[in-house]
Amino acid sequence: MVATMRILGWKAEGLRCPDHEIDCSNAQGDPLGITLIQMPNGTGKTTTLSLLRAALSGSAAKGTWDRARIKEFQKKDSDEPGGTFELRLALNGKRVTIIMEFDFEYGRVYYKTTRGHGQVEGFDPPIEFKRFMNEDFVHFYVFDGELADNLLDKDHTDAEKAVESLFQVHLLRRMGSKISDYWDDRTSGVTAKDQTGYTRRKNRLDKWRARRTELETQKAAYESDLKGVLKDLERQRERYDKEIQKEKDRSQRMEKAKATVSQLKNNVHESAQAVLDAMRDPQAMCSVFADAMYDLKSGLDRVKLPESAAREFFEELAEEDECICGRPIDAEIKGVIRQRAHHYLGSDDVSLLNSMKTAIADAVGVSRTEPANALSKDLGTLSGLMAEERKAQNELDELMHEAENSDPEVMKAREDIERLEASEKTLKEDLKKFEGKDEKVRFDRIGNVDPDRITSVETIREGIEILEVQVAEVTDTLTLRQKRDKLKRIVHKAHAKARESITNEIRTDANQRIEALMPHNSIRIDAIDHCLVLRGQSSGSAGENLSIGYAFLATLFNRADEHQLPFVVDSPANPIDYDIRPKIGQLAPALTDQFIAFVISSEREKFLPSLQKASNKEIKYVTLFRKGAGRHEAKALENPACVTTGDGFKIVDEKFFSEFQLDSEEE
Amino acid sequence: MEFRIRKDARDWFRDIRGDLALDFDAFYFCFIAGISERRKKDATTGETAELVENFPGAYKSRGRLLVGLFLSRELEYLGVGMNEKKTVHSEIARLVQPEAPNYLSDEGVKEFNKYSYGGYEVLLDWFDDRPRSLETFLRSFRQSVESSSVAPPTLR
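If you read the protein sequences in the order shown, they are chains A and B. Just so it is clear: in the first sequence, position 8 is 8 by my numbering, and no numbers are missing. Just so it is clear: in the second sequence, position 93 is 1093 by my numbering, and no numbers are missing.
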């Protein structure tokens, strides 16, 4: 679908330029092909062009302009708090109005957009026009006379930028940076992102795994040895018992002694458990503790803590209008009650303290020494049982010693048992180092931990799990990185290819237009590489360069099958030599279907006649100047087409336009 | 907030761990040693291991007494006499939390734990080596507590 933009007109009120309204349409309301606006320098031409760009791009929306920049649009010496600029457009034939409301007090600009669905807050052009209506792009069709010249200047990249923005080729480049952003985002927490990082982590993991294998092998060997020792031990004990039993009487005595030892061991164990439970009572542990608890309870009783009234009572009382004594409670008293209520414990605290006091009373209320005495008694019993157990053990040892001395076989078996028991003890001790967890290992600094110093299998396994996650993390990152690089290469290639084919097409179209404009001239564009590069020559004459620049812009913005945009040009002929001006005048009507030019009076010479001659369209002539230019004011007021605003005059009249001679307000 | 035990203290009890029904027993012996010698010490989270939030098992019925013992030592530690009603009131309100499973505020648990952390160092002073049998340990421990504990002067 072709996107056609036409400017129907605009209105400025309360801004730095004189209040004015420009209508770029004919009597039927259709947009005119050419509108010439003559404004002396200092009248606010630059302001008006800036307003047009801001309205077409939404660049001042959402607080993007600062207070100082907004203040530049306020009328000089005015204390009016606001101003308005209204731009009327026809977008694909449909009316769209963009209003900018300036608030100079708060330094804000508010946009309103009116189109098919009514007025909405903000800058809201139809979506199909958004690519033309943005800050980057708008200055390619609202521009000053120098732009066309710059297009051939290698120090400027405007030609390439215009192509990139218009055909949105730059989005491919932006996509490239989005891919990088995504990568950065995904890998922000990963410290190792390359092959070196991967190798480092993999080597670390391999080292920990090797240590696990080493420890597991060692542990298995110890366990196997222990199993053998225990088996031998069992065998030797059987042999020992067998040798002992050879003598019946001794055997019976030993069995009895063993049973006694075993029984006493049980008794000691049970007694110790009972003592342990008794010691869980702090008051039994020591009478000093009982005294301390009792003193706490008594102390609390003495100072009446907790009070019988809880904090909640007073908080509720403060809500009442009358005290329980009948006296009124005013706001001041309420405040005092609420404040002092904090001096009382809450009902939960009261309840806890009361239950604690009850527990203390139950435990030590009758006697502070009794629990400790009872424990001492239990400990006495335990000591007695331990002594008995020691004695029984000594008796058993004596019997065994006797048997060993009388029978060399028993002695041999005893010696073997002792040797094996020693081995068992050593092996069990050795195995302990593999057990449990090494609390000293800092897994948060696993890179600095030497696994060879760790003997806990559990700790090594935990470390391996962490390292495996780290390796997986960097492996994922490497895969993602390969994908990123591949995608970036594709996007880069697509960007180069798209730009090449588009610039080739634009170049061909522009050259056709140049041929039509200058049929007897062989100058052509060779390439669009940053700037426009001419075929076989670095530059043309000033007139040729401008023709080529304008032809290029027209090729971009006036594409019959894609889009048609207006040209709004500030001083199209001013910086140009007199002999070139007719060329520009000739060119303008052929470039675009809507040409709006801001001119000063001295610019008319040589430019206006050629423009009029080349145009077969209706031209609107508008002269706008600020109040204070005496003789022009009088002449303007004589003209029936004169419109007076608060600070300026507008005359829509070809004759007045042609005769007006004022280049600058300061003259 | 939970009671915490020093990791080195837990390790110290490893040979009689099988005879102690609860890990809290080891914590309790440390606490009692700290209370006896009035020794409090801070420890980092890394140096300690989480135990429980409440008074578990056999300690359930003794929780209020232990809080009472703790409060009496803490008031003494703070130099607060029972005649200073307002201060006693505010300090108790600061340390207890009736809704908490251990009846203590976070600050209260923190201070309670400090007696246990300090108490482990007391055990190292009292014993030449770590305990190998429960019965021997209990007898020695009781003896040390009795000879160490003196009455808190400020509460009298």
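Careful, some of the hints might be misleading.
Stated by the list, open to error - Calculated lysine-lysine pairs in the DSS-like style (CA-CA distance at most 30 Å, straight line):
no., chain 1, residue 1, chain 2, residue 2
1, B, Lys1007, A, Lys428
2, B, Lys1007, A, Lys304
3, B, Lys1041, A, Lys377
4, B, Lys1007, A, Lys207
5, B, Lys1085, A, Lys440
6, A, Lys440, B, Lys1041
7, A, Lys440, B, Lys1040
8, B, Lys1060, A, Lys304
Rather than coming from a laboratory, the hints here were simulated on the basis of the structure. Given the structure is predicted, the values throughout are model-derived calculations rather than measurements.
Each hint, compared with the structure:
Proximity of Lys1007 (chain B) to Lys428 (chain A) is assessed by CA-CA distance (about 23 Å); at most 30 Å being required, the pair is judged to hold. The hinted pair formed by Lys1007 (chain B) and Lys304 (chain A) fails the criterion: a straight-line CA distance of about 42 Å is larger than 30 Å. Only pairs whose Cα atoms come within 30 Å are accepted, and Lys1041 (chain B) paired with Lys377 (chain A) is rejected, the gap being roughly 34 Å. For the suggested pair Lys1007 (chain B) and Lys207 (chain A), the alpha carbons sit about 28 Å apart, so the restraint of at most 30 Å is met.
Between Lys1085 (chain B) and Lys440 (chain A) the CA atoms are separated by roughly 46 Å; this puts the pair beyond 30 Å, and the hint is violated. A threshold of 30 Å between alpha carbons decides the hint, and for Lys440 (chain A) with Lys1041 (chain B) the separation of about 20 Å falls inside it, so the pair holds. Taken as a hint, the Lys440 (chain A) and Lys1040 (chain B) pair is honoured in the structure, with Cα atoms around 24 Å apart against an allowance of 30 Å. For the given pair, Lys1060 (chain B) sits about 27 Å from Lys304 (chain A) by alpha-carbon distance, which is consistent with the 30 Å threshold.
Of the hints listed earlier, those the structure fails to meet are numbers 2, 3, 5, in rising order.
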